[in-house]
Amino acid sequence: MTDHQSLGRREPTDAQVRAAARTFDLLSSPVRLRLAWLAAHGEYDVGALAERSGVSIATASQHLTKLRLAGLVSADRRGRHQIYTVDDPHVLTMIEQIFDHIAPDGTLAPDPPARGSR
Numbered sequence: 001m002t003d004h005q006s007l008g009r010r011e012p013t014d015a016q017v018r019a020a021a022r023t024f025d026l027l028s029s030p031v032r033l034r035l036a037w038l039a040a041h042g043e044y045d046v047g048a049l050a051e052r053s054g055v056s057i058a059t060a061s062q063h064l065t066k067l068r069l070a071g072l073v074s075a076d077r078r079g080r081h082q083i084y085t086v087d088d089p090h091v092l093t094m095i096e097q098i099f100d101h102i103a104p105d106g107t108l109a110p111d112p113p114a115r116g117s118r
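Here UniProt numbering is used: the first residue of the sequence shown is 1, the next is one more, and so on.
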């Protein structure tokens, strides 16, 4: 019995692999990954996200549009502002797992979980 079968998981379909690759491709941009992390940890308008990310409002807006169209962040209009958040628990978990895996200095975290101990 293979590892994925012992964990009760089926092998992903080609469509799932392609969709996952597109998601990782979107998050491979440091700016988009930071924007997604911020939106996962609060509610911000584009100006606040741009400031916290160190980019212009136009740049943040372009990246947020890509993240929103991919379903990674959501936007809610409040008055004159669009407020960005991450509502999908799968996306929240994925973002948390990325940063749990990486130490603050950019190296791999020192104590990764043992394989198969999920």
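Rather than coming from a laboratory, the hints here were simulated on the basis of the structure.
A hint or two may mislead.
Unchecked claim - What follows is a list of derived Cβ distance ranges for each label pair:
#, residue 1, residue 2, range
1, Gln16, Lys66, 18 to 28 angstroms
2, Arg80, Gly106, 16 to 26 angstroms
3, Thr107, Ala21, 43 to 53 angstroms
4, Gln97, Glu11, 30 to 40 angstroms
5, Gly79, Asp14, 42 to 52 angstroms
Claimed, not checked - Listed below are the simulated EDC-like cross-link pairs for lysine to aspartate or glutamate, each with C-alpha atoms no more than 20 angstroms apart in a straight line:
#, residue 1, residue 2
6, Lys66, Asp100
7, Lys66, Asp87
8, Lys66, Glu43
9, Lys66, Asp45
10, Lys66, Asp25
11, Lys66, Asp76
12, Lys66, Glu51
A virtual CB, placed ideally from N, CA and C, is assigned to each residue, including glycine.
Okay, the hints, checked on the actual structure:
At about 21 angstroms, the CB distance of Gln16 to Lys66 agrees with the hint of 18 to 28 angstroms. In this structure, Arg80 and Gly106 break the distance hint of 16 to 26 angstroms, their C-beta atoms being roughly 38 angstroms apart. At roughly 25 angstroms, the beta carbons of Thr107 and Ala21 sit outside the given window of 43 to 53 angstroms. Between Gln97 and Glu11 the CB atoms are about 20 angstroms apart, so this pair departs from the stated range of 30 to 40 angstroms.
Range check, Gly79 to Asp14: Cβ separation about 44 angstroms, and the 42 to 52 angstroms hint holds. Distance hint between Lys66 and Asp100 is unfulfilled; the C-alpha atoms sit about 24 angstroms from each other, more than 20 angstroms. Of the supplied pair hints, the one linking Lys66 and Asp87 holds, its CA atoms being roughly 16 angstroms apart against a limit of 20 angstroms. Restraint check for Lys66 and Glu43: satisfied, since their Cα atoms lie roughly 18 angstroms apart, inside the 20 angstroms limit.
For a cut-off of 20 angstroms, the pair hint linking Lys66 to Asp45 stands: about 16 angstroms separates their Cα positions. Between the alpha carbons of Lys66 and Asp25 the distance comes to roughly 11 angstroms, so the proposed pair stays at or under 20 angstroms and holds. Distance check on the hinted pair: Lys66 and Asp76 sit about 16 angstroms apart at the alpha-carbon level, within 20 angstroms; holds. Proposed proximity of Lys66 and Glu51 is supported: the alpha carbons are some 19 angstroms apart, at most 20 angstroms.
Hints 2, 3, 4, 6, counting from the list given before, are not met by this structure.
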